[in-house]
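Please assemble the complex out of the two chains, which come individually in their own frames, going by the hints.
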Amino acid sequence: MVGHKLVETFVQLGGTATWDVLVVGEEPRPAYDRVALSSYFSGATAEDLSLVAPGFFDVEGLALRTSERIVAIDRIAQTVSTSGGDVLAYDALVLATGSYPFVPPVPGSDLPGCFVYRTIEDLDAIEEWAGRCERGAVVGGGLLGLEAANALHQLGLETHVVEFAPRLMPAQIDEGGAAVLRRRVEELGVTVHTGMATEEIVGRSAGMTFRFAGDDHPDLDVDMVVFSAGIRPRDELARASGVEVGERGGVVVDDACRTSDPNIYAIGECALAHGRVYGLVAPGYEMARVTAAQVLGGDAAFAGADMSTKLKLMGVDVASFGDNFGQTPGSQSVTHSDPVANVYKRLVLDERGTTVLGGVLVGDASMYLTLTQMARGDMPTPDHPNELILPGRDGDSVGIGALSAAATVCSCNNVTTAAICASIDDGHCDLGAVKAATRAGTGCGGCTPLVTELLKHELRQRGVVVNNNLCEHFSYSRQELFDIVRVQRISSFSEVLGAYGMGRGCEICKPAVASMLASLGGGHILDGEQATLQDTNDHFLANLQRNGTYSVVPRVPGGEITPAQLIVLGEVARDFGLYTKITGGQRIDMFGARVDQLPLIWQRLVDAGFESGHAYGKALRTVKSCVGSTWCRYGVQDSTSLAIQLELRYRGLRAPHKIKSAVSGCTRECAEAQSKDFGVIATERGWNLYVAGNGGMRPQHAVLFAEDLGTDDLIRYIDRFLMFYVRTADRLERTATWFNKLEGGVEYLRRVVIDDALGIGPELDAAMAQHVESYACEWKATVDDPVRLERFRTFVNCDEPDPDLVFVPERGQRRPARPDEKRRLLVRSV
Amino acid sequence: MSVQTDVRDALWTDVCGIDAVHPGRGVAVLVDGQQVALFRVDDDVFAVANRDPFSGANVIARGIVGSRGDILKVASPMYKQCFDLRTGRCLEEPDVALATFAVRARNGRVEIASR
Ligand code: SRM
Ligand SMILES: Cc1cc2nc3c(=O)[nH]c(=O)nc-3n(C[C@H](O)[C@H](O)[C@H](O)COP(=O)(O)OP(=O)(O)OC[C@H]3O[C@@H](n4cnc5c(N)ncnc54)[C@H](O)[C@@H]3O)c2cc1C
Ligand code: SF4
Ligand code: FES
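Chains as they are written, first to last, in this note's numbering: chain S, 24 to 853; chain D, 58 to 172.
Okay, chain D solo, but in the shape it has when bound (with noise of 0.2 Å):
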């Protein structure tokens, strides 16, 4: 797993309202010079990185959101390729994973951990 920082000391980075994550759909942060894509499912919003790894663009914000089986997951719009939100791991070639960060929902605004 990729989130190794302990959560609970981690220094908060407010990010957006919750309200600019449509339910279902992704949209881009950039924190601190990073490129993170935001999802929200319902009632839980997921964070990893936006650069799609096979392509090498930051597009993956613009993927559309859906489930295999039980993993909920975003597709890649460049070439397709699903990845786990919640590992960030790609489903179709699991040796390739995207990064994800830990991320939380407070008071109506979204906050990312940094590392």
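Bound-form chain S, shown alone (with noise of 0.2 Å):
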């Protein structure tokens, strides 16, 4: 990895005009990222990980070798010889050979079904392997060995951890946060032994066993182990030449990374920097950069290195940063701890308390940033430091706040949380004049909700009070509207604007009330005055597209459909020429249906008792589910059962934004419940429940709400949950927006649904009972009715369909004319 940052460094700076660099690297591929190695389990190809652009090497002064290995170093000649047997002069030479694993001199521990997790190559070993057993070990509980150990979990292995520190990743985290780590990798399902020194591994007819110092230790038997106990750097070719190496280890560097042989340089994990070998790779860049300069003749210098990390270990946030452990004479440490959410926080501070030293953060690592800034003297110290790691009160400030100056707000227009802020302090202060000084939200639209949020937050952070007004129209808050409409039984737009608000309203406020009345039950949505409010997909019962027609999406709960439903589908595409794909809500979408055709497709689909899928409405979309127990070999409950039970359930809801489900059978998900608005995963005893996940523009995991649910306690926890999102929730604001704005977080939000803290249980369970009851399907009550059909016209004096749309073939289905063609064709057909 170094290797090949030393070489893009360098032919960046220029260097390939004066000097031809030769790569030999001994493994069958060009540099690969191996910090994402273990991606490779998780559908990652060779390639992927690669970090060698097409093409990097077909220049003129570049030039790499694989599979070659260099044997020796001649340093009076200047050459070394290779493992093809080439022997190759140099001007200089730079070693970045890495590391190996350490494996312990434990007998045994070159028994087959033994390996170590370095490179793809072990990796494909490993799979192999673990392809026929069933129990695996890892040797080493640091940030290497968990690694390790969640690739065996998830090629389906039954996993042991054995660490011989009596705790977790000892180099970095202290105890408390040890502990916290080790209970959730515990109820990952992986079995952790501390404090065991490995004696021996006797192997067995198929597999081995473990014996362990000591005599109350059990043995363990398991089918194969991956060492991960450490790293040793390659340093042999330098011992053997007679360059100097350290005590235990590594290439000896000065500052210029320049070894005791002038010619001879070492980068990355090789080198012995200020004493120590550096285990991550954002030192070794930077040493790479400073040779790329020195070579080259400049005066670039590596001043040592933060050791600070932040990972994500088996789905848990772990960092450590500064001085971790409190090492500091005088230093004092405060701590946050919560074993039920499983997260623990340790901040180190000075002597007298003001400055943030350095610190250990396990499930939940949000703060990191800032608090590795204060650590590091970048920017100040709060006053009241302990309360930085005390959950988030104000999930604004950990939340929009957080956004990095440089992030990408827009990406259309490639606009920057600085841009935004250097346009709000040139005096643009609502939306519209952001978006028209920076361009952000101009393209796709998509970041508009984000460029709002951050300009509402900037305007409050520079002490302009900001309203939380629906529109000019409405000087109440949504969820103010919402209980005026709720608590006077309003029935009508017209109704709340004469008695609530002024002018005439507007597509903001129209559908925004169309949506509350819908949710409190409101009868047929295109029936009277409501028609009127809804947004051209509402109001045709379909999602509008760029060239104005329409896409048709019949609901497929669960995504469970019949040969005889697939059928059908492909009847009605074929007869109407509509464009056919699959979604990503497990799903099937036709496009390119003209409003004049919408209602003819669905009594055809209504006939064949499809149902509308409200891909157009605000409301739930689909409960993705995964095979479960019923054909996966690993599931544990019937996902699909309840998939299909839980879209059934909350199909039509009507909600501030739309909402996402998933029920996954095993804590594999497949179904990817952990990125939805509420998710399920099965475990051996029920359910668990996640809330608030998005995936989308600002991904977000969904959090554990409850573990071991009944099916009846779970619903109840949904329908409690999503009324309660229904009711105090802002305009077009998903749960997870909603969520990190909830005072009390998760805890919260746990007293309101399990606890009904706020005393309002029953009454969302019967607006919950309310809705089920109440649920018709709109496509079936259109396609019924006379009155509501004679809105789909394309217009309303002749049966003509729109002149203007023009469709093109592709790959054996149409598709809409760009432009260009459609200038095209249209003159032709004149």
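Treat the hints as calculated values from the structure; they're not laboratory data. We put the beta carbon where it would ideally sit given N, CA and C, even for glycine. Errors might be hidden in some of the hints.
[Stated by the list, open to error] Lysine-lysine pairs mimicking PhoX-like chemistry, simulated, CA-CA at most 25 Å apart: (1) S:681 / S:803; (2) S:604 / S:845; (3) S:845 / D:137; (4) S:681 / D:137; (5) S:335 / D:137; (6) S:681 / S:604.
[Claimed, not checked] If you want a taste of the chain D side facing chain S, the calculated C-beta under 8 Å gives, among others: (7) 75; (8) 77; (9) 79; (10) 86; (11) 116; (12) 123; (13) 132; (14) 134; (15) 137; (16) 138; (17) 161; (18) 163.
Rendered as structure tokens:
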């Protein structure tokens, strides 16, 4: 990794104009991302991991040899010899040989079934072996050991971690943090054995047995072992050629990354700089930059590096930074630990308790960036530093406020947080002005909510009072207006506008009120005045496409569909010439329907038993499922049936924004429930409920809300969660955004939903019961009603289709013509 | 202003019954190959081009009607730009405007002036 960074930097600095660079590597492929190695098990290919752009070496002055090892250095002749028998001359030689995994010299550690975890080949071998066995152990409970354990676990093995030290990750985190980490890891089903010295490993006819030192430890039988007990620098070339190496290994280098031989440099994990071997990639990259400059005559220096790290291990955030163990004389620590939420935080402060020196974060590392900046002195420590590790009361301050200045807010136009703040400083105080000044939000529009949130946050920071008014027609927030509509039993827009608003309404308040009326059980959304409030999607019960046609998405609960239903969809799509695609929501979308075709299409779908999929509504979308225990060899519950049950229960529920869900049959999580507004994962004993996840623009993992629930409790909690959200969220606010602003976070939500602390439980239950009872398919109700059907006309004065619609064939279907194609085709047909 | 025809002498084309245009919502009509969006607000009828200049799709008639200050407007359903129903002017980008048509309601029918 580090070697390739060196070459990249060297090329950038123009080094190849005067130097010829030859890279010799022992592995069969060019450099790849070892840090992301584990993703190889979750589907990344060797090509995905490659760090070398295609064609990178196809230029003058650069060459690469793979599958070839340097076997010796002749420092006097300034040559190296390779395993292929070549002798190559050098003016400067850079050793970037990395490290090898340390395998403790325990008898039996060379038995078949023993592996290390460093290269793609190692992973191939592990995967191959794991396919034939059931139980595995990882020796080493550090960072890499836990990664390896996760891999074994994901390969479906009963997994054990054996650590010699009394706790996990002894080098990075303290006891409190390790205890939380251990609980989290064990929850995932991995068994942890700490304080265990492996005495010997004894082969059995199949697999092996661990014998531990000490009498009271029972033996452990496994079928394979992965050693991950630390790394040792690969300094053998330097050692053999008389270049100075450290007492405990590592090629000694100075600030210029030069070894004791001035023509030889060493960088990355093989180097010993400032008396230490840096086992992280960032310091290695810094050494690469220094060396590239040095070789070209510059005077860059390696000043040592921070060992702060933040990682996600088995889904758990783990971070340590600065003086993590409080070794500074006189320093003091504050800790916050929440055994229920499995969060542990330790903050090391100076003697006077006023400056952050370092710390450990496990389970929630959202404050990592801020805290490391404080520990480095780049940011002042606030007055009450201990509050920094308390659970966020002001969701805003760790949410939007934590966006770095360089973060891209609008990806269409490449606008950063900093650019938006600058435009606010220039006096642009409303969304329109900020959009005009920065162009943020003027492309696909997807970032508008984020820009709005950022704008509000920044204005508040600048002391400007920001109102939460829905729009110019109502001086109320959505939540306030919802309460008014509910308590006053208002049933029409005119009524609420007359009594509580002004003007004539607009495209913001009309659909918002329509959604409230619908959430409160207000009859068919296309009746009477309600129809005029709806955005075009709700108005035509279909999704508007870029050329003015619509898409049709029937509900396919849980993604389960019979061959006969598939045939109906195929026939309808064929007969109406609709472009057909499988969506990301486990159902089928048919595109290109004209307004006047929608009722004809839906008549056929309704006749075949299909219902509206509400792809057009701010409503429940899909409950994705996996095949679960019915088919899958790992499934522990019937996830498909539950997904169908949930989708049918909540179908048609109108909400401030769309709602998505999923149910997975086991912890492998094939349905991706943790990215959903509410998600369910089967356990041996029942269901785990997760809430407030989000995919989309700002992905956010759902939080674990309650564990091992029976189906009745599960459904009651979801009912209340959803109804509470519907009542209190802002317009167009997904559950994740709403949740992030909720004071008291998940504990508060639990108190409301589980303990009924607000005393509204029965009311929420009743509201959901009323929804379930009154649900009717909007499309069925529409095709059955001639009055409602009248609106589905392209022109009210004739039966012509829109003459501007032009399609072209592509891959056996048709799609809208692009403007240039359209111009050509229209000219030709005139 | 885009209505340059002398309205008194214009040739009025009957397009539809007034009941076909629901209050607070639009409909589209095809008049001499032109797509026109009709809106009814209280007792007034407005006619603007149906083609949304930002997307090129013929969808203006499907927008939500409302007000900004004193201006009566329609929001394009595609990317939500708003247009003044009287003048056709886009409220966000004043350089852009929808064509407007002279329109009147007579004897329960809507008529548009041919140009
Ligand atoms: C069809 C589909 C893409 C596909 O070809 O697979 C799709 C298409 C659209 N998505 Fe999506 N999304 C589709 C799955 C997703 C997913 C994946 C999923 O559901 O598992 C996501 C990320 C998950 C999530 O929402 O958390 C997704 C995140 C979005 C977002 C961003 C939401 C966010 O919170 O950031 C939008 C914009 C919005 O809703 O404001 C969006 C909006 C849209 C709209 C409605 C845009 C629009 O207004 O025209 C697209 C129109 C659909 C149509 O015309 O029929 N779509 N969209 C998928 C339909 C799923 C379904 O069966 O209902
Ligand atoms: C599973 C895993 C997860 C990790 N996660 C993180 C993380 O989250 N964060 C982090 O900062 N670091 C992480 N690391 C560490 C990081 O990968 C290393 O710090 C980094 O790869 C070091 O780069 P390097 O170039 O020094 O060594 P390497 O990437 O190992 O490259 C050295 C190369 O030199 C080759 N070589 C050795 N000797 C010879 C020879 N004589 N002739 C020819 N070629 C030779 C080796 O085969 C190897 O390909 C992780 C490592 C692993 C294995
Ligand atoms: S999540 Fe579902 S499909 Fe995936 S492994 Fe588990 S039970 Fe099988
Ligand atoms: S991301 Fe900002 S407009 Fe598309």
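A quick look at each hint next to the structure:
1. At roughly 21 Å between alpha-carbon atoms, residue 681 of chain S and residue 803 of chain S fall within 25 Å of each other, so this suggested pair holds.
2. Annotation: proposed proximity of residue 604 of chain S to residue 845 of chain S holds, straight-line Cα distance about 23 Å (limit 25 Å).
3. Of the supplied pair hints, the one linking residue 845 of chain S and residue 137 of chain D holds, its CA atoms being roughly 24 Å apart against a limit of 25 Å.
4. A threshold of 25 Å between alpha carbons decides the hint, and for residue 681 of chain S with residue 137 of chain D the separation of about 19 Å falls inside it, so the pair holds.
5. With a CA separation close to 41 Å, the supplied pair residue 335 of chain S and residue 137 of chain D exceeds the 25 Å bound.
6. The hinted pair formed by residue 681 of chain S and residue 604 of chain S meets the criterion: a straight-line CA distance of about 21 Å does not exceed 25 Å.
7. Using the Cβ-Cβ criterion of 8 Å, the hint placing residue 75 of chain D at the interface with chain S is not satisfied: the shortest such distance is roughly 11 Å.
8. Residue-level restraint check for residue 77 of chain D holds (minimum Cβ-Cβ distance to chain S is 5 Å; threshold 8 Å).
9. Evaluation of the residue 79 of chain D hint against chain S yields a held restraint, the C-beta minimum of about 6 Å falling below 8 Å.
10. A distance limit of 8 Å between C-beta atoms decides the matter here; for residue 86 of chain D the minimum to chain S is near 4 Å, and the interface restraint holds.
11. Satisfaction of the interface hint for residue 116 of chain D is found here, the shortest Cβ-Cβ separation to chain S being roughly 5 Å, below the 8 Å cut-off.
12. About 3 Å separates the beta-carbon of residue 123 of chain D from the nearest beta-carbon of chain S, less than 8 Å, and the hint is met.
13. Hint on residue 132 of chain D holds. Least Cβ distance to chain S is approximately 4 Å, under the 8 Å limit.
14. Taking 8 Å as the C-beta contact cut-off toward chain S, the hint placing residue 134 of chain D at the interface holds, the least distance being around 4 Å.
15. With a least beta-carbon distance of about 6 Å to chain S, the hint placing residue 137 of chain D at the interface is held under the 8 Å criterion.
16. Restraint check, residue 138 of chain D versus chain S: the minimum CB separation of about 10 Å is more than 8 Å; hint violated.
17. Annotation: interface hint on residue 161 of chain D violated; nearest CB of chain S at approximately 16 Å, more than 8 Å.
18. The interface hint given for residue 163 of chain D is violated, since its Cβ lies 16 Å from the closest Cβ of chain S, which is over the 8 Å cut-off.
Violated hints for the displayed structure, listed by number in ascending order: 5, 7, 16, 17 and 18.
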